[in-house]
Amino acid sequence: MTAATVRAGTVRTNGAELYYERRGQQGPAVLCVTGASGDAGVLSSLADRLADEYTVVTYDRRGNSRSPRPSGWTATFSGEQARDAAGLVEGLGLAPVTVFGSSGGAIIALWLLLECPDLLAGAVLHEPPLIAALAEPEPAMAAIQSVFEPALMSAGPRGGMEAFLRCAAGDAAFEALDPQQRDRQLGNGETFFGVELGALESALPDHDRLAAVTLPVRVLAGVDTAPLFAEAAAWVAARLGVAVTPSPGAHTPYFDRPDDFAATVRSCLREVAGAATPAR
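Residue numbers (the numbering used here): 2 to 281.
Think of the hints as simulated: they come from the structure by calculation, not from any bench. Just so you know, not all the hints are guaranteed correct.
Unchecked claim - What follows is a set of in silico ranges between Cβ atoms, one per label pair, in the way DEER data are often shown:
1. E91 to G199: 36 to 42 Å
2. P71 to T3: 33 to 39 Å
3. A239 to T6: 37 to 43 Å
4. V148 to A212: 32 to 38 Å
5. S72 to D172: 34 to 40 Å
6. G242 to D172: 37 to 43 Å
7. Q181 to A235: 33 to 39 Å
8. T215 to P180: 23 to 29 Å
9. M154 to D53: 41 to 47 Å
10. G94 to V224: 35 to 41 Å
11. M154 to G94: 43 to 49 Å
12. A136 to G171: 25 to 31 Å
13. E272 to A133: 27 to 33 Å
14. L216 to A173: 36 to 42 Å
As the structure is a computational prediction, the values presented were derived from the model and not from experiment. Note that CB positions come from ideal geometry on N, CA and C, so glycine has one too.
Generate coordinates for the entire structure from the input sequences, incorporating the hints supplied.
Next up, the structure:
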């Protein structure tokens, strides 16, 4: 597959400077939001595969990679991250945009759907890890912490981030990452553990607001994913009044099943964004 042409830039919004990459020259706009490590490169292979039909924007979330950490920024929450995304949409003239989010990025996409529906054509949510929505959140969070805490204690945020990414994506996918991208992602450990993880752990959308959503939404969960991700996806889908759409692989199929996953996302986007106005 030939990589799509990338146009990069920055947008200042909501007290942050956000680095973004734009692929595709025509078609409805799609904003891709990453989760842990917050780097645009996580979803670059997906963006490349969609750019023939869509205008696809990926970005480094605030305080990650090429988006500098705002002065005095020590905590975040889903609403702040959603407002960052909204500011990027407005700054680039993407509305109405379909938002795609994976993992923690799907939580941000969900909050954008709830707080800024006027900017959206719809949403595709891949495995939003809403720990607080699980029937037994404490054991689930303990299991997640056990993945990174030993390395975090012994090797600091960078070591903890490596342990987390290896567990989420697998050793082969981690080793196959572009070296510069891998270095950026590891460097984001301080932001993830020091600022973002608490917001991820506590995020829980209001039931009534979910039930009131009228825009088209698809919720994806991998056929091989961990039970906690499947449970969280089912919780969100039920409250949005939609069925869970099966997707290939587990939690990071954009790394190990890129073609199959892109085909699934493309199908969802055609259902959700097919009638959207092409991006400017």
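Tested hints:
A C-beta distance of roughly 28 Å is found between E91 and G199, which places it outside the suggested range of 36 to 42 Å. Taking the beta carbon of each, P71 and T3 are about 36 Å apart, inside 33 to 39 Å as hinted. Hint check: A239 to T6, Cβ distance near 40 Å, so the stated range 37 to 43 Å holds. Roughly 34 Å separates the CB atoms of V148 and A212, a value that falls within the hinted 32 to 38 Å.
For S72 and D172, the hinted distance range of 34 to 40 Å is satisfied, since their beta carbons lie about 37 Å from each other. Against the hinted window of 37 to 43 Å, the Cβ-Cβ separation of G242 and D172 comes to about 39 Å, which satisfies the hint. Judged by the Cβ atoms, the range 33 to 39 Å given for Q181 and A235 holds: they are separated by roughly 37 Å. Against the hinted window of 23 to 29 Å, the Cβ-Cβ separation of T215 and P180 comes to about 45 Å, which falls outside the hint.
As the Cβ distance of M154 to D53 is approximately 46 Å, the hint placing it in 41 to 47 Å holds. Judged by the Cβ atoms, the range 35 to 41 Å given for G94 and V224 holds: they are separated by roughly 37 Å. Checked against the hint of 43 to 49 Å, the pair M154 and G94 passes, with Cβ atoms roughly 46 Å apart. The hinted range of 25 to 31 Å is satisfied by A136 and G171, whose Cβ atoms lie roughly 27 Å apart.
The given range of 27 to 33 Å is respected by E272 and A133, whose C-beta atoms sit roughly 29 Å from each other. As the Cβ distance of L216 to A173 is approximately 37 Å, the hint placing it in 36 to 42 Å holds.
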